[in-house]
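Asker: Listed below, chain by chain, are the residues.
Number of protein chains: 2
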Amino acid sequence: MNALNKDPLVIFTPSGKRGHFPVGTPVLTAARQLGVDLDSVCGGRGICSKCQVTPGYGEFAKHGVTVEADALSGWNSVEERYKSKRGMIDGRRLGCQATIQSDVVIDVPPESQVHKQVVRKAATARDIIMDPATRLYYVEVAEPDMHEPSGDLERLGKALKEQWDIKEVYADLDVLRKLQPTLRKGEWKVTVALHRGNRDARTRVLDIWPGFYDEGIYGLAIDLGSTTIAAHLCDLRDGRVLASSGVMNPQIRFGEDLMSRVSYAMMNPGGDREMTAAVRTALNGLAQTISTEADIDPTRIMEAVFVCNPVMHHLLLGIDPVELGQAPFALATSDAMSLDAAELELKTLNANARVYILPLIAGHVGADCAAVALSEEPNKSDDMVLIVDVGTNAELLLGDKHKVLACSSPTGPAFEGAQISSGQRAAPGAIERVEIDAVTKEPRFKVIGCDLWSTDPGFDAATASTGITGICGSGIIEAVAEMRMAGLVDASGLVASAEQAGTPRMIAEGRTNSYLMHDASASGGPRIMVTQGDIRAIQLAKSALYAGARLLMDELNIDTVDRVVLAGAFGAHISTKHAMVLGMIPDAPLAKVSSAGNAAGTGARIALCSNAARTEIERVVREIHKVETAIEPRFQEHFVAANAIPHATAPFPELATIVTLPDVSFNAAGAVGADGRRRRR
Amino acid sequence: MNALNKDPLVIFTPSGKRGHFPVGTPVLTAARQLGVDLDSVCGGRGICSKCQVTPGYGEFAKHGVTVEADALSGWNSVEERYKSKRGMIDGRRLGCQATIQSDVVIDVPPESQVHKQVVRKAATARDIIMDPATRLYYVEVAEPDMHEPSGDLERLGKALKEQWDIKEVYADLDVLRKLQPTLRKGEWKVTVALHRGNRDARTRVLDIWPGFYDEGIYGLAIDLGSTTIAAHLCDLRDGRVLASSGVMNPQIRFGEDLMSRVSYAMMNPGGDREMTAAVRTALNGLAQTISTEADIDPTRIMEAVFVCNPVMHHLLLGIDPVELGQAPFALATSDAMSLDAAELELKTLNANARVYILPLIAGHVGADCAAVALSEEPNKSDDMVLIVDVGTNAELLLGDKHKVLACSSPTGPAFEGAQISSGQRAAPGAIERVEIDAVTKEPRFKVIGCDLWSTDPGFDAATASTGITGICGSGIIEAVAEMRMAGLVDASGLVASAEQAGTPRMIAEGRTNSYLMHDASASGGPRIMVTQGDIRAIQLAKSALYAGARLLMDELNIDTVDRVVLAGAFGAHISTKHAMVLGMIPDAPLAKVSSAGNAAGTGARIALCSNAARTEIERVVREIHKVETAIEPRFQEHFVAANAIPHATAPFPELATIVTLPDVSFNAAGAVGADGRRRRR
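Chains A and B supply the protein sequences, listed in that same order.
Start counting the first sequence at 1; every next residue gets the next number (the numbering used here).
Start counting the second sequence at 1; every next residue gets the next number (the numbering used here).
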């Protein structure tokens, strides 16, 4: 015991915070007074069990204290009831029940911390701590009194101030309508979901439940792409992902890529409203699906965070995207937005659910790119990093801690398997890996859902249920690269004829040739081919991507990058070797090319779980320097120059073994030269 | 010219502000730098003409300057064009066009001041200055630039900050949707309606027009009563009332008084929603009617301020008023509210119109009473004032600058002519003034819409178009008081028979008698009578009113008040003499009884025109001490004691000449004694 202070010494680990407290002080009270991060939803009433702690006993030489066995008050009936009903790890105590009797060392386990670390990125060891805009609070409200005739809402506000130090609480009509019956049903004890966004001056009551409610509140992190809409359903209490799901963006029927949707809006009066209605309907369906999957009530979803490109952004909000289809590509608004889910007609969610949309970077560089920046943090990188996020458009970030540039490249949807003759979404049955023997020109491949190569014994049986239905984005990239390396395609992208290639797999179609990857027509299945048109589509897409990266590099006056991060589903599944053979991305050591998975989705999750992250990305986006590809003549130059498929031999030693044959060049009707112009016969 | 400063001296009147400015400085610029209150909507661009000033010439001994004829720059083409197109008083100049050439004295006329004085109350000389939450601003926005890809909204915000020093501007989806086409139509010059309420941290764009828009924006000040809904349509630029209109509250079909509507909600599932829908429909209709009357587009109505009693308040908001029907009469919320008109389904107004609702004082004392307090300011009174606002319920304020009390009395709608056999709304054809000859017992009366007494020559012709249709609230009070003074009613309220009264105007109806005021049955018109039931209804109403006032006086331990203010339509039309004969209000010198007109409506207008007033009334209401009549046994005592009609002779010397006959007392079947209990035969 401290000589200067007769009160017992309390030391909290891991924070190391310490102080003296009178005998009988609850551990939770001591923690709060010292600013120790110890959770509590019920405010110390022994209901929520969030404040579990582990007292240490014996000698703590480091802290200079010896803790007696009776340093805390005895195990009590509240703890016993909780443990018997819901279980509690041996040695744990409830911080609100155990009181301090003598010097003690108390450990706060990670799960009892408010600011749990939830989004942990292995590669960069980055921690995101829980700091959500929406949280639950249990509160006991004073009953009404005719002599002090304040409203029920005002007494709730007073209770929240007294019990949780939350000021300036307000409620919308929907909550006001159920406030009175709920307070009475809960006998003046209620749980409220409170929302305060990173830019809000006041705190809003989103929902209210009688008594202690602990069945969970949830949030959606939504990556709204032109082709697919992907969502994570997260628990807003601990950031845990309960379910992930996706649907096709139904706007595809109005146009496959962004510009064709903008055109649809320009050509058809009310066309933008049709597309807005379509995507909102899909979002409601997705929220329902993902809730069913996680077995939760969708009205418990209190927040949704959106990341999306500018056209998707404007169409989600119901803003005509016409200005985004023409220079100077003016956005209606670029800042982050906070609004009611009801304004977006997201009726599946809680009636008062809130929506946060990350800021847009420029007319062609969206909130999805901002989310990638939030997840990958190029602005904190010591080395020069190129981050490539390929959806239907490619968005690129290049920079380091000194400066970050951003641009967008119009790749089109070829990398997603669209506009490819046998293309399809990445789904069971789709060819995702391809190898072509350089000598025999025979292919082997893998399909999604099966680990065997097509030449392995048992492949047919293993794929019998799905069949072999098409080629997905990563499959087509490998197929084109392998065709190039097997001498079936020349540097200009021309496909060899059967005669030139010496294999009957080359099939003439009009003036061009195709490569037959798989023929299931005998059993009523498809003939899966790679056509000349497919090669051209991939060439256009990869040229756009490469040209965008080069443009940013020009801007920084550099010729190489230190590392490349491939984001998105594309980045997760692509073979970096094949991508580099195709010349999709600037050359970099293969070991320095990594996949970040769905970085945009991760950024959305981070923003869902953290107000601080919202504030940070809003600041970072204001500092990103935007480069507009559409008006930059050098973009066209780079684009044309990048049309060829350069590497019939591997660009790096790691790839040197792959290609052994001398390079080839074909000349045929309608062939396209390396300069991209149609040659005369 | 000042010896120490070579620049010309500029003196503004009436403010007296002065300073030296370089030759060529526009008068508007000088005014702004000195903080002189000189209006400008266009920001000095010669468009709005709000900055008109009157330069003075010659010697100004008081200011020590002589102003030469060329002290300002010459009359220019902008001024000439404005004057020829829209007119301008001779001698006026536009402050943004005229520049300073030498010492000058410049007067800012009242209409050029931003803070125009608009609601001036003759009695108390109170000034309200324009400080509305919603104002128009003309602004020139930078065009988009691909190299600085901020959104149009962000550039609008930047322009507002630079040109008007308005920070943190945001817009809802509705405005965002039309932002881009409007900016382009106006060639980057637009007028915006900006809203910032007294408790808002940020400024909201409510609407946007291309170019300079000056056709006006409007607000509604709405007194939402149980029986009638009255509205003033005000110009938000200068506070001017363009039109006033009213409709019956359609909720009457669910119950005449407040408690019967609460009962309806309790007894009928969904009944509250029916009443909410009914009043919202009526409000939309009223907004349309008043707009048509003022010949304005109702979508130019940007704000509405509501004052109403608690039950009307909750039903307007869609909150079930069930708790207001039983002790402890808990309000769902009591604070002032600021919300979107769309939340109240007020679709006739601008899509982004805002609503402000004054705070409620207690479960029975509403925002209408708060508005009366805002208008009449008992909290600033040196003497003890009783303010009586009679609608379907009576709300009372008693106090002075030291303390203010409030309560509500359940008078029922009799004072409004409802529940009266020949009762009707105050409308042309309604009897509003009554005299009964004490000797002959013959009546004479006046009807609304005609200045003649019914006994005057030409009365029949003058009223031929309206007919004589019934008795309004002020008429029935006069009729009952006159019947009492003419000896036709005794102190207990019993009506004399024909025999007792000696006049065939007394008509037996069952066991009771009625007084025939007017018989138009020969020509197919009504027989207008005052029945025993009518007397009872008035007795109950006036007893409740008197008991409430007495209860407040008890609370302050006083027996008299210094003055009485009668508010509401009731207060404006009632004869204070007759009211005092009936014993409706505590005795006070007749000269100290005044009418405040529609004080609740005035309070609503003040709140519509002034953010500062909103802040003030929110503070005042928190300080008002509420007295709950329903649980106060003394209220019942006062109520019973007040049932009699005390003054058959006048209570004050001023009234002494009215009554000359000795008092009478009747005894008849079913008569009710002074103690309010039914007598046995």
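In short, the hints are calculated from the structure, not lab data.
Among the hints, a few may not be true.
The list treats identical chains as interchangeable, and a pair is accepted whether it falls inside one copy or across any two copies.
Cut-off 30 Å, straight-line C-alpha distance, at most; resulting in silico cross-link-like pairs (DSSO-like, lysine-lysine) [stated by the list, open to error]: (1) K167 / K178; (2) K347 / K178; (3) K6 / K592; (4) K441 / K380; (5) K158 / K401; (6) K167 / K577; (7) K577 / K347; (8) K167 / K403; (9) K189 / K592; (10) K167 / K83; (11) K158 / K50; (12) K347 / K62; (13) K158 / K189; (14) K626 / K161; (15) K347 / K83; (16) K161 / K441; (17) K158 / K185; (18) K178 / K592; (19) K167 / K626; (20) K189 / K626; (21) K167 / K441; (22) K83 / K577.
Given the structure is predicted, the values throughout are model-derived calculations rather than measurements.
Asker: Each hint needs a verdict: does it hold in this structure or not?
Answerer: Taking the hints in turn, this is what the structure says about them:
no. : hint        : result
1   : K167 / K178 : within (21 Å within a copy, 36 Å between copies)
2   : K347 / K178 : both (18 Å within a copy, 24 Å between copies)
3   : K6 / K592   : neither (60 Å within a copy, 71 Å between copies)
4   : K441 / K380 : neither (46 Å within a copy, 98 Å between copies)
5   : K158 / K401 : between (46 Å within a copy, 28 Å between copies)
6   : K167 / K577 : neither (56 Å within a copy, 52 Å between copies)
7   : K577 / K347 : neither (45 Å within a copy, 61 Å between copies)
8   : K167 / K403 : between (39 Å within a copy, 28 Å between copies)
9   : K189 / K592 : neither (56 Å within a copy, 51 Å between copies)
10  : K167 / K83  : neither (34 Å within a copy, 54 Å between copies)
11  : K158 / K50  : within (24 Å within a copy, 46 Å between copies)
12  : K347 / K62  : neither (56 Å within a copy, 70 Å between copies)
13  : K158 / K189 : within (14 Å within a copy, 47 Å between copies)
14  : K626 / K161 : between (44 Å within a copy, 24 Å between copies)
15  : K347 / K83  : neither (39 Å within a copy, 56 Å between copies)
16  : K161 / K441 : neither (74 Å within a copy, 68 Å between copies)
17  : K158 / K185 : within (20 Å within a copy, 50 Å between copies)
18  : K178 / K592 : neither (56 Å within a copy, 47 Å between copies)
19  : K167 / K626 : between (40 Å within a copy, 25 Å between copies)
20  : K189 / K626 : between (52 Å within a copy, 27 Å between copies)
21  : K167 / K441 : neither (72 Å within a copy, 67 Å between copies)
22  : K83 / K577  : neither (54 Å within a copy, 77 Å between copies)
Hint check: violations occur at hints 3, 4, 6, 7, 9, 10, 12, 15, 16, 18, 21, 22; the rest are consistent with the structure.
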